[in-house]
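Asker: Each chain, letter by letter, is given below.
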Amino acid sequence: MLGKMLENVRNTCPLIHNITNYVTVNDCANILLACGASPIMADDEAEAAEITSICGGLNINIGTLNSNTIPSMFLAGKRANELGHPVLLDPVGAGASKLRTETAWKLLEEINFTCIRGNISEIKTLASGAGTTKGVDADTADKVTEENLGEAVAFVKKFAAKTGAVIAITGAIDIVADSEKAYCIRNGHPMMSSITGTGCQLSAMTAAFLTANPDSPLEAAAAAVCAMGFAGELAHARMTELDGNSSYRNYIIDAICNMTPEQLEKGAKYEVR
Amino acid sequence: MLGKMLENVRNTCPLIHNITNYVTVNDCANILLACGASPIMADDEAEAAEITSICGGLNINIGTLNSNTIPSMFLAGKRANELGHPVLLDPVGAGASKLRTETAWKLLEEINFTCIRGNISEIKTLASGAGTTKGVDADTADKVTEENLGEAVAFVKKFAAKTGAVIAITGAIDIVADSEKAYCIRNGHPMMSSITGTGCQLSAMTAAFLTANPDSPLEAAAAAVCAMGFAGELAHARMTELDGNSSYRNYIIDAICNMTPEQLEKGAKYEVR
Amino acid sequence: MLGKMLENVRNTCPLIHNITNYVTVNDCANILLACGASPIMADDEAEAAEITSICGGLNINIGTLNSNTIPSMFLAGKRANELGHPVLLDPVGAGASKLRTETAWKLLEEINFTCIRGNISEIKTLASGAGTTKGVDADTADKVTEENLGEAVAFVKKFAAKTGAVIAITGAIDIVADSEKAYCIRNGHPMMSSITGTGCQLSAMTAAFLTANPDSPLEAAAAAVCAMGFAGELAHARMTELDGNSSYRNYIIDAICNMTPEQLEKGAKYEVR
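Protein chains in written order, with my numbering: chain G, 300 to 572; chain D, 300 to 572; chain U, 300 to 572.
Since the hints were derived computationally from the structure, they do not count as laboratory data. The structure presented is a predicted model; accordingly, all values stated were derived computationally and were not measured. Not one of these hints is a red herring.
Straight-line C-alpha distance at most 16 Å; calculated EDC-like pairs for lysine to aspartate or glutamate:
#, chain 1, residue 1, chain 2, residue 2
1, G, K568, G, E532
2, G, K303, G, E564
3, D, K397, G, E344
4, G, K480, G, E450
5, U, K303, U, E518
6, G, K397, U, E349
7, G, K457, G, E479
8, D, K377, D, E409
9, G, K456, G, E518
10, U, K461, U, E479
11, D, K397, G, E349
12, G, K461, G, D477
13, G, K397, U, E344
14, D, K480, D, E570
15, U, K303, U, D514
16, U, K568, U, E518
17, U, K397, D, E344
18, U, K397, D, E349
The following block holds chain G by itself, in its conformation from the complex:
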């Protein structure tokens, strides 16, 4: 069933509007193309809502947010809501500065998100203001482990219920949940954290999966998370002794580019709780 989600992306080629950071934007564009979607980046107030209108879905990522792009996030988000387009929030670095935390909170107040994807510290910050962050990475104290997984799932479902959004927390174990059902996903490879922007890339790709599968946001988000983790596994298997994080980055996007729905169906490792 998760394979079908990818198939729908490839068949419908959704156009995704991204308001995102300048650090990982190129990789976000290339992974959208790799999964079968089409990217457009536009962050000026004068065109943000209009560009949203011609797209199928919207990806808002607050990394390198600034006084010019923040108003565009609100304009585009509200327009997407009016049009019934899926909207994803990636609260990069929420908890690391007041600007990021408060912008994320305000976005949550004014925009209905279909999905929120972040690391555990960022999501805890959104939920309660109580998360800690190590810059844009999750704090070790927050990490989801086999021991605290039950508790983490309960937290995620509760936050999903509160926001009405599918919540996707990624880390060693990923949790993708709505208020009732959680996918606990064990795809991925530890080396993925040595590349900048695997989270941003996943968010962009998740927006595409949501757009191509409007009736199944939970399964769509879970499929995107599995696909990214599985790509991390395939890419790692391909590495030679001299390859490092930069080649690995290319190989992950390559793996998404070559992944078939059947492969994803077989390669996805999850349990439902």
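Given the structure of chain G, go ahead and fit chains D and U onto it with the hints provided.
Answerer: Chains D and U in isolation, oriented as in the chain G frame:
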């Protein structure tokens, strides 16, 4: 003769000022270096014209344009005109928003472009306001095919006459024309459209070819378009089963880096109409 | 001893705040991860000083500086000074425009830099206003050669004494010096100049080395410079006939990712003057 155009880039190492989007800017810089040119990116009003003055050519790309960078495009463009430097316009996404369409039109009014390079939908938008776009990609309805090629060539020559610029439309078949002569180019590979920014890269590289060949703007632009397409072929021939769009991106820039004038001369596939 | 500097980066994983250009920012982030550090990019006035506070070191790079990011450089720099964090300046293109030259001078006046890293033309511009630049590359007339090395070392030591910073000038021969001691480094490969941003990447990495080695800024900077050059050698040795500057870019970051302190210790080629 097209090989000579590349040779002149390698021999004169032109410095190219780029006011361009933050999505594909790194690839633009690397492909400029790959072809033998030298890139500088500068988009603040306070330095745009001054940076243009120390360069040999200017590349204006309106992807991710914003209220800070638009005035810089005009300042730099006008200075380049005063100095007689070649100026290229890449109207990324013209037709996708009023901001893009109107900025492109205003640039056409106030600046004399040596070359305008875009997809068919963008160029139609510039020419008549009648093009449609699918975000930053050409609309299928607009596409140049063997059937409508004659008509497309006539359209391009007419727009070249109107603007005084060499017009380069890229797609499955590329057309590069001034008011009298058109190169119809059949280099390239369909997979190039699965990479973000091959168009932006080509625009940057074309600016370098124009700068190194000031007396032959048509041949210079045609050579850049052939080089990019030929690089797409060479890069594709090199791909392994596990390679996808991200490795392909690297291989295309690599192919430009290694391309000799002789190879380009032999590999260029075009007819003149 | 230089190997120890790298070991300390890997053991302490310093979080580095980067206010840098949008051309090479992704490579800066990936090379920071490759060497064992963690990057965060944030350039809005509203969060710049706060982000600096949660980091261990700060990297200020003036490529694509603009009216929004310049005030953030000052705010972050001053906060880093208050906190005793290492601060590095990369004066990209100083000498190419008044904006760049004057911003760099003003930064030098108001902020105490631990290290300044640039090409010889940029550093000459900072020192005396007398350097010439070819855009963002060093002017040939300025280049450090075996013939003028003694003179260049004296100049660098003098500028180090004046600024109180470690000065790192990179080129065919690199000089890293404080007021009393200079490392003349002969690692590297000429092809490194065919990639955009090897200088920016080195600056980011140097900030990480400084942060992990607070008591040895000179050795830390020298180790980073040796590591980058050595990575350029290792990466070049790996290239196949079809590889060009884009693959080379990946291989350099890969080489940093895989470099052990022992390898660096052995591979570093320098003399002390």
